[in-house]
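Protein sequence lines, in the order shown, are assigned to chains L and E.
Just so you know, we're using our numbering here: the first sequence kicks off at 1 and counts up by one.
Just so you know, we're using our numbering here: the second sequence kicks off at 1 and counts up by one.
No wet-lab data here; the hints were simulated from the structure.
Be aware that one or more of the hints could be misleading.
[Said to hold, decoys possible] Straight-line distance between alpha carbons at most 20 Å, and here's what the computed SDA-like set of lysine to any residue pairs gives:
| no. | chain 1 | residue 1 | chain 2 | residue 2 |
| --- | --- | --- | --- | --- |
| 1 | L | 17 | E | 43 |
| 2 | E | 42 | L | 158 |
| 3 | E | 134 | L | 28 |
| 4 | L | 147 | L | 2 |
| 5 | L | 110 | E | 42 |
| 6 | E | 118 | L | 212 |
| 7 | L | 110 | E | 99 |
| 8 | L | 284 | L | 211 |
| 9 | L | 147 | E | 43 |
| 10 | L | 284 | L | 312 |
| 11 | L | 42 | E | 147 |
| 12 | L | 2 | E | 99 |
| 13 | E | 2 | L | 98 |
| 14 | L | 2 | E | 22 |
| 15 | L | 284 | L | 271 |
| 16 | E | 28 | L | 113 |
| 17 | E | 134 | L | 130 |
| 18 | E | 110 | L | 97 |
| 19 | L | 28 | L | 287 |
| 20 | E | 134 | L | 128 |
| 21 | L | 287 | L | 310 |
| 22 | L | 310 | L | 158 |
Below are the chains, spelled out letter by letter.
2 protein chains.
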Amino acid sequence: MKLSQIGEFGFIERFSKNFANIPTANSKGIGDDCAILPLDDKNEQVVTTDLLIEDIHFLRKAISPFDLGYKSLAVNLSDIAAMGAQPTSSFLSIAIPADMDVEYLDELMKGYHELSNKYNVPLLGGDTTRSPDKLVINVCVMGKTAKGKSRMRSMAQPDDIICVTGPLGDSAAGLKLILENIAVEGKSRDLLNWHNKPEPAINEGLWLNKQEGIKAMMDLSDGVASDLKHIMKQSQVGATIQLEDVPMSEALIYASEKYNWEPEALALAGGEDYRLMVTIDKTKSEKIITEYNKHFPYRLSPIGRITQAKNGEIEWIKKDRPFELTKEGFNHFGH
Amino acid sequence: MKLSQIGEFGFIERFSKNFANIPTANSKGIGDDCAILPLDDKNEQVVTTDLLIEDIHFLRKAISPFDLGYKSLAVNLSDIAAMGAQPTSSFLSIAIPADMDVEYLDELMKGYHELSNKYNVPLLGGDTTRSPDKLVINVCVMGKTAKGKSRMRSMAQPDDIICVTGPLGDSAAGLKLILENIAVEGKSRDLLNWHNKPEPAINEGLWLNKQEGIKAMMDLSDGVASDLKHIMKQSQVGATIQLEDVPMSEALIYASEKYNWEPEALALAGGEDYRLMVTIDKTKSEKIITEYNKHFPYRLSPIGRITQAKNGEIEWIKKDRPFELTKEGFNHFGH
Numbered sequence: 001m002k003l004s005q006i007g008e009f010g011f012i013e014r015f016s017k018n019f020a021n022i023p024t025a026n027s028k029g030i031g032d033d034c035a036i037l038p039l040d041d042k043n044e045q046v047v048t049t050d051l052l053i054e055d056i057h058f059l060r061k062a063i064s065p066f067d068l069g070y071k072s073l074a075v076n077l078s079d080i081a082a083m084g085a086q087p088t089s090s091f092l093s094i095a096i097p098a099d100m101d102v103e104y105l106d107e108l109m110k111g112y113h114e115l116s117n118k119y120n121v122p123l124l125g126g127d128t129t130r131s132p133d134k135l136v137i138n139v140c141v142m143g144k145t146a147k148g149k150s151r152m153r154s155m156a157q158p159d160d161i162i163c164v165t166g167p168l169g170d171s172a173a174g175l176k177l178i179l180e181n182i183a184v185e186g187k188s189r190d191l192l193n194w195h196n197k198p199e200p201a202i203n204e205g206l207w208l209n210k211q212e213g214i215k216a217m218m219d220l221s222d223g224v225a226s227d228l229k230h231i232m233k234q235s236q237v238g239a240t241i242q243l244e245d246v247p248m249s250e251a252l253i254y255a256s257e258k259y260n261w262e263p264e265a266l267a268l269a270g271g272e273d274y275r276l277m278v279t280i281d282k283t284k285s286e287k288i289i290t291e292y293n294k295h296f297p298y299r300l301s302p303i304g305r306i307t308q309a310k311n312g313e314i315e316w317i318k319k320d321r322p323f324e325l326t327k328e329g330f331n332h333f334g335h
Numbered sequence: 001m002k003l004s005q006i007g008e009f010g011f012i013e014r015f016s017k018n019f020a021n022i023p024t025a026n027s028k029g030i031g032d033d034c035a036i037l038p039l040d041d042k043n044e045q046v047v048t049t050d051l052l053i054e055d056i057h058f059l060r061k062a063i064s065p066f067d068l069g070y071k072s073l074a075v076n077l078s079d080i081a082a083m084g085a086q087p088t089s090s091f092l093s094i095a096i097p098a099d100m101d102v103e104y105l106d107e108l109m110k111g112y113h114e115l116s117n118k119y120n121v122p123l124l125g126g127d128t129t130r131s132p133d134k135l136v137i138n139v140c141v142m143g144k145t146a147k148g149k150s151r152m153r154s155m156a157q158p159d160d161i162i163c164v165t166g167p168l169g170d171s172a173a174g175l176k177l178i179l180e181n182i183a184v185e186g187k188s189r190d191l192l193n194w195h196n197k198p199e200p201a202i203n204e205g206l207w208l209n210k211q212e213g214i215k216a217m218m219d220l221s222d223g224v225a226s227d228l229k230h231i232m233k234q235s236q237v238g239a240t241i242q243l244e245d246v247p248m249s250e251a252l253i254y255a256s257e258k259y260n261w262e263p264e265a266l267a268l269a270g271g272e273d274y275r276l277m278v279t280i281d282k283t284k285s286e287k288i289i290t291e292y293n294k295h296f297p298y299r300l301s302p303i304g305r306i307t308q309a310k311n312g313e314i315e316w317i318k319k320d321r322p323f324e325l326t327k328e329g330f331n332h333f334g335h
């Protein structure tokens, strides 16, 4: 049997039961954005790791080395943000093709440094090695929160309002520009820029985690259509999304009209937005949204609510009528 | 300029000074086997990460998937052992070629589990993704020691006795069997086995760290000729090694005679032994060695001593006469 037949989640399920016999020493969060480990009397530690492989996660010709360094750390910091945690350190493993220019690596490390510096995350270690061909980057980031305050995917409750911290779909549209070899011009540049240099919502996650009424939180790496199911599964709830409430950028609308794309498909089933998705107690959501919008450049947008439905499917509503998403995780809507 | 011109250490030096502006929050150990981070009132945390790439660190046809899974964790646990620490958790990132059989991965995870289980190290997270061609494995391991008790490379002092926790060179000899396509038979099997499935010296490191008089400690991943220089640089000391005291296995002697290898070159300049090298106060070393040898299957062997020499070169002595090691880190001795 080939891996492609069972997928990555199938593989994880196969081995994880075998590890159940090893005591986890009060750790939790396996299957969440981060693992949660005991730290000291007042704090807990969160840990995440992400592997980026050339020609799978990036094309060397389509991203500058500076942006690639930035993004390698950003996708990990986004997982820390999703826990409502403060990042505290990073570890970088890199496998380098022998013919690579040192100047390329200098730029890559400058991009990594810019983001490290922005959020005060020291680089404390790692591994440097040769690669036979592809550039390979693995980053591991640690962070901390007050004890018991990590925001988990299991914390959503029926009637919570589902919000996102910014417009969705820009990154997926940026990827389409790359894959379809479209010459980037005008507003489309923003799409490519967000794809290549996403900003982790560290400050947003920290702020949200301080508000009373915040429940589940996660970062949008695969798209709402796929990511929301993790919250539904782990919280044992359902969810309904109002399509007309999904925030989309001017750049996405502009490019979608120009290239005949479906913007809603990109916004809901495209990946790598790295915005946060958060569920909020319905009695607190209005006040939190108002306050949030005074602090941050992108609005906190309510896009739906958590329900008691148990069928495992997201209910998509457009203008009060059900809307069908036929191929989950991909950009094709039914009629 | 190509990376091959400045090497991995040259690359690390280039970027690390740029990161000096980011506060490290009482962390230390950069350039040691592990980074050392604050944990709680009584303990500190140690962290290490290692990247293994197909065709650089292993050949898929020369190692069983079970051994590869075991070794991926073992090389990281060895770094934890070198700090005298207890491993507490691991994180596994793996990039998998699409055509890989699930059964191969099952075996790999069984090997990883066997070692996890042996030292009670839970697997708390990671990342699974596709790879365009090569199998890529990154492991990050955390451990802990009592506060201030991590054994660093900077802790050696003149007159310390340098000891190693087992015979050296087996792994390098095992690698030669693979690279020279030698049909493995008889005692040579032990060499291949230690190369493919090295045992991290966790219990040895923990035991040594409890003894009064233990100073610097590190694991032998590149060979004494290369690794000892890290202790010399960070402790600002010199070192002299007695070649006839270097422990070598029967299997290494057997294979070296049979294939006309220089066993001392393999023992001192071959890598991946994953034995510990430790420096011990000379007034305490005899007692510690005697006690150690009651507890562990491989003898703790004194192979030389720390000196005040400041020229950065290891002094090699054979039968009271200087001996020259011409190409450091490689298996060629001068006359």
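Tell me if the straight-line CA distance from residue 42 of chain L to residue 147 of chain E falls inside 20 Å.
Cα-Cα ~18 Å, so holds.
Between the alpha carbons of residue 110 of chain L and residue 99 of chain E, is the straight-line distance 20 Å or under?
The given pair, whose Cα atoms are some 36 Å apart, is violated under the 20 Å limit.
Within 20 Å, alpha carbon to alpha carbon, are residue 2 of chain E and residue 98 of chain L?
7 Å, holds
Can you confirm whether the C-alpha distance between residue 147 of chain L and residue 43 of chain E stays at or below 20 Å?
The hint holds at about 18 Å.
Check whether the Cα positions of residue 147 of chain L and residue 2 of chain L lie no farther apart than 20 Å.
42 Å, violated
Please work out if residue 42 of chain E and residue 158 of chain L have their alpha carbons no farther apart than 20 Å.
42 Å, violated
Straight-line alpha-carbon gap residue 28 of chain E to residue 113 of chain L, limit 20 Å:
19 Å, holds
Checking one constraint from the list: CA of residue 118 of chain E to CA of residue 212 of chain L, max 20 Å. Satisfied?
Violated, because 43 Å separates the two Cα atoms, which is more than 20 Å.
Is residue 110 of chain L within 20 Å of residue 42 of chain E, Cα to Cα?
37 Å, violated
For residue 134 of chain E and residue 28 of chain L, compute the direct alpha-carbon distance and say whether it is at most 20 Å.
Given pair residue 134 of chain E, residue 28 of chain L is violated - Cα atoms ~31 Å apart, limit 20 Å.
Holds or violated: residue 287 of chain L and residue 310 of chain L, Cα atoms, limit 20 Å.
29 Å, violated
What's the verdict on residue 284 of chain L and residue 211 of chain L, does the C-alpha distance respect the 20 Å limit or exceed it?
9 Å, holds
Hints 1, 2, 3, 4, 5, 6, 7, 10, 14, 15, 18, 19, 21 from the list above are not met by this structure, while the remaining hints are.
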